[in-house]
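Chains Z and G supply the protein sequences, listed in that same order.
My numbering numbers the first residue of the first sequence as 1 and each following residue consecutively.
My numbering numbers the first residue of the second sequence as 1 and each following residue consecutively.
Since the hints were derived computationally from the structure, they do not count as laboratory data.
Since the model is a prediction, treat every value here as computed from it, not as a measurement.
We put the beta carbon where it would ideally sit given N, CA and C, even for glycine.
FRET-style restraints, in silico, Cβ to Cβ:
(1) 94/Z to 179/G: 54 to 64 Å
(2) 326/Z to 143/G: 25 to 35 Å
(3) 119/Z to 280/G: 34 to 44 Å
(4) 211/Z to 364/G: 45 to 55 Å
Just so you have them, the derived chain G footprint on chain Z, three or more residues with Cβ under 8 Å:
(5) 38 to 47
(6) 191 to 199
(7) 222 to 236
(8) 289 to 298
(9) 305 to 317
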Amino acid sequence: MSSIPISFEKYEGEIKEVEIGATKTEGGTRSYSVTVGGDKYLPLYSFEGINPNPPRIAHEVYCYHAPLPGSLFNFFGDLVDNPVEWSREAVNKFKAEMVNLRLTDAFSIRNETFKKEISNVIEEVLQAVKVPLLITGVMDIIEMDDYRKNNEILTKSAEICEGEKCLIGPVYTNAFQEIGKACLEKKHPVLAKTNMDVNQALKLNTSLLNLGLTNKEIIMDVTTGALGYGIEYTFSTLERVKIRALRGDKILQSPSIIFSSESWLARELQEEDKLETEKTGITFEVLTAITGIMAGANISSSLHPEAAKLINEFVNNFFNEPKQFITVEEWLKTR
Amino acid sequence: MAKKISPTDIYKLLPKKNCGECGVPTCMAFAFKIVEGKANPSQCPYLSEEAKDALLTKTAPPVVKVEIGTGRNKVVIGGEKVAFRHEEKFYNEALFAVEISDRMSSEEIIEKIKEAEEFRIERMGQTLKLNMFAVKSVSGNAEKFVETLKIVKQHTNLPLILCSTTPYSLMKALEFVGEDKPLICPVTSMNVNQMAVLAKKFKTPVAVHGSNLEEVKTLITRLNQFGVNEILIIPPGQNLMDEISSLTIIRRGAVEKKIKTLGYPTLVFPNLIKVNNGNFKDYWEVMASAAFLLRYGGIIILSNIVKWAVLPLMLLRQAIYIDPRIPLQIKPGLYVIGSPDENSPVMMTTNYSLTYHIVSNDLKIQGISTYLLVVDTGGLSVNTSVAGNKINPDSVARLIKENRIEEKVKHKKIIIPGRAAKLGGEIEDVSGWEVLVGPFDSREIKGFLEKKWLRQ
Ligand code: SF4
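Starting from the given sequences, assemble the full structure and let the hints guide the process.
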C-alpha cells in the first residue's frame with residue numbers, strides 16, 4: 001500500500017520579498033515596514049513547509065469621490081470627504097497595518113485644483129499616520145487619457161513620498177515607463193497591473209525589470225474581478241502565476257495583491273436601505289480576500305474595517321493561533 | 001500534475017473495426033472522445049467484457065463518483081480528475097447540506113426545511129440552491145431519530161445524510177429511509193464492520209472518519225473488502241490548517257500519486273470550528289466553508305442558512321465550478337428587449353453571460369425597449385474584453401449588417417458601453433454608424449436616454 005505523500009513537488013523558485021514602508025534608519029519616516037512574499041510553497045501547504053510571511057492587509061482610504069455603495073457611505077460618514085482624517089481613523093480606530101491611499105477618481109485627477117489638493121493630501125497623510133503606505137491611481141482604465149492622469153499624479157506621488165518606500169501604481173503594459181522610472185529613482189516598489197493573462201504579467205514584469213527594477217520592487221495585480229464578477233479568473237490566474245514562479249520562472253517571482261474592496265461593486269450590494277446589505281457586503285469582501293489569499297495573494301487591499309478584521313483573523317488562524325475544531329463525535333452530542 | 005491518458009492507450013483496447021456504430025466514424029475518433037470524457041466505453045457494442053473492464057479502469061476518474069438520493073433529487077459528488085481547475089475543470093459542484101438535530105422540535109425542523117428549500121437564486125442561467133439535509137442523532141435514541149426523520153421526510157425530498165455514532169440507530173433509520181439512498185456517517189475504527197454491513201445491506205454510501213489519513217486509508221481498505229466502494233472521506237484535522245492540508249493531500253494523492261484509497265470525495269464540517277466570540281461564530285462558519293470550497297471540500301454541512309452567509313457562498317461555488325475552458329457565455333447576435341420600434345435605440349454589449357443578464361435585466365427594470373447587439377468576446381465582460389482587445393470593431397459592423405438593423409430602425413446610431421468608449425472611433429469608421437458612448441453602468445441608461453436620445 002502506498003504511503004501518505006508529504007510533498008507533491010520540489011519547487012526550484014521562490015517569490016522574492018518586497019518591503020513596503022521605510023523607517024528612520026532606512027531614510028523614511030514610517031514607524032515600521034511590512035515585508036510580503038518570500039513564498040517557497042503554495043499557500044497553506046503547511047505539510048510541505050511554512051512560508052515566511054503571512055498575507056497582509058491594507059485599509060483603503062479614498063482621496064475624494066469614493067465609489068462606495070450607499071451602505072458604506074453611511075458607515076464611513078464624514079470621513080468620506082476627509083482622506084486625512086479617514087487615514088487617521090483607519091490606523092487608530094481600525095488598527096490598519098498599512099493604508100492604501102486611493103487617488104482613484106479620474107475626475108478629481110483631471111481637475112487642476114484637485115490635483116494640487118491631492119499633493120497636499122498625500123503630504124498630510126504622511127504626517128498624520130506613520131504606517132507604510134500604498135498609493136494607487138486609476139485602476140480601471142476607461143480611456144487613453146486615464147494613463148496620462150495616472151502618470152502625472154503617480155510620478156508626483158513618487159516625488160512627494162521620496163524615501164518612504166510606498167507601493168505605487170498601477171502601471172500597465174502600455175504605460176509603465178514614467179511611473180516605473182520615478183519609482184526606481186525614488187526607491188518605491190511598483191504595483192504592476194495586468195488582466196487575467198499570465199503572458200501579460202510576464203510582459204509587464206519583463207519591461208519593469210528592463211527598466212532596472214528588481215522582483216523585490218514589484219507587486220503584481222493579476223486579478224480580474226471580485227466575488228460573483230469574474231473571481232474564477234482571479235483565482236486561477238493567481239494560482240497559475242504562483243505555481244509558475246515557484247517552478248522557476250524568475251520573471252514572475254514577485255508577490256501578488258488582491259483588491260477585496262472591489263467586491264462592493266456587486267449588484268447584490270447596491271440596495272441602500274436593506275439592513276443585511278452591509279453584512280452581505282462584508283461577507284463578499286471577506287470571501288474575495290480568502291479566494292485571493294488561498295490562490296497566492298500576499299496582500300489584500302480591503303475597504304470595510306470589519307471585513308479587514310475578519311480577513312486578518314482568517315490569516316492569523318493559519319499562521320499564529322489556529323482555532324480548534326470539535327470532533328464529529330462531539331458535534332453529535334451538541335444541541 | 002496529473003498525467004493524462006493518451007488516446008492511443010485507449011485505441012489499443014478497441015476492436016479496430018471502424019464501423020461507426022459508436023457514433024463517430026473510427027475507433028481512433030472514439031478513443032479521442034473517451035479521453036475527453038465525452039463518450040463512454042459501453043457505447044461500442046463490439047467490446048469484449050475484459051476490454052470493457054480494462055477501459056473502465058483506465059478511464060475512471062481518480063476520484064470516485066458517489067451518488068446520494070434517488071430519482072429527481074439525486075445528487076452526485078466526486079468524479080474529479082484534477083487538483084487545479086486551470087488544468088481542466090472541476091466536474092461535480094460541491095454540495096451544501098443543512099444541519100438538523102433530533103433535539104429540535106418539529107416546528108423548528110419544519111421551519112428550517114422551509115427556509116432551506118425556499119432559498120433559491122437564479123443567476124447566469126443557473127439555479128443556485130441548497131442540496132441536502134444532514135440529520136444528526138444527538139439524543140442517542142433510535143426511536144427519537146426515526147421520529148425526526150419522519151418529520152423531515154414529510155417536508156422534503158432532498159437527499160439525506162444520517163449522522164450517528166450508534167450503528168443501531170442508523171439501522172433503524174435505514175429501515176425507514178434506506179430506499180432513499182441516504183449517506184450514513186461516521187464510519188470509525190470502532191464501528192467499521194457494522195457500518196460496512198449496513199452499507200452493503202441498504203446499498204448506501206458512507207463517510208469515514210479517522211484521526212489521521214493512515215487510519216482513513218485503513219478504514220477504506222476494510223470497507224473495500226466488504227465490497228463497499230461508495231465512500232466519502234471526512235478530512236482528519238484539529239484545525240482549519242490541518243483539514244486543508246488533509247484535503248489537499250487527499251486530492252493530489254488521488255490524482256497525482258494514484259493512491260486508490262484516497263480517491264474519494266469529501267465531507268466537511270465548517271460548523272465544527274470552535275469560536276468563543278458570538279458574533280464572529282457565524283462569519284467563521286462562512287469563512288471555513290469558503291476555504292473548503294476552494295480546496296476540495298465535497299459536501300459542506302452548514303448550520304446557518306441566513307442569506308448574507310449563503311448567497312456569497314453560492315456565488316463562490318458557482319465561480320469555482322465554471323468550466324475555465326468555456327466561460328459562461330450566451331450566443332452572440334441580436335436580442336430584442338421590450339417592444340422596440342423604428343425610433344428605438346440600438347445598443348451593444350458583450351456575450352459574457354453575467355454581463356448580458358445584468359444589462360438586459362436593468363433595461364427591463366427601467367422599461368426600455370431596444371435592439372441589443374451582443375458581440376462575441378469569447379465570454380468576457382466589457383471591462384476585460386476592452387483591456388484584452390477582445391472587442392473587434394469589424395465584428396460589431398458585421399453584427400449590424402447580418403441582423404439587418406438598418407431595416408429595423410430609421411436612424412444609424414449605436415450606443416456602446418461607457419467602458420468601451422475608446423473603441424468608439426474605430427466602430428464608427430468600419431460600420432459607418434454614429435457611436436454614442438453610453439454610461440458605465442447599465443442602471444443609468446434611462447437617464448442617459450432622456451438626455452442624449454429623446455432630445456434629439
Ligand atoms: S463502435 Fe467500436 S468498433 Fe465500431 S468504430 Fe466505434 S469503437 Fe470502433
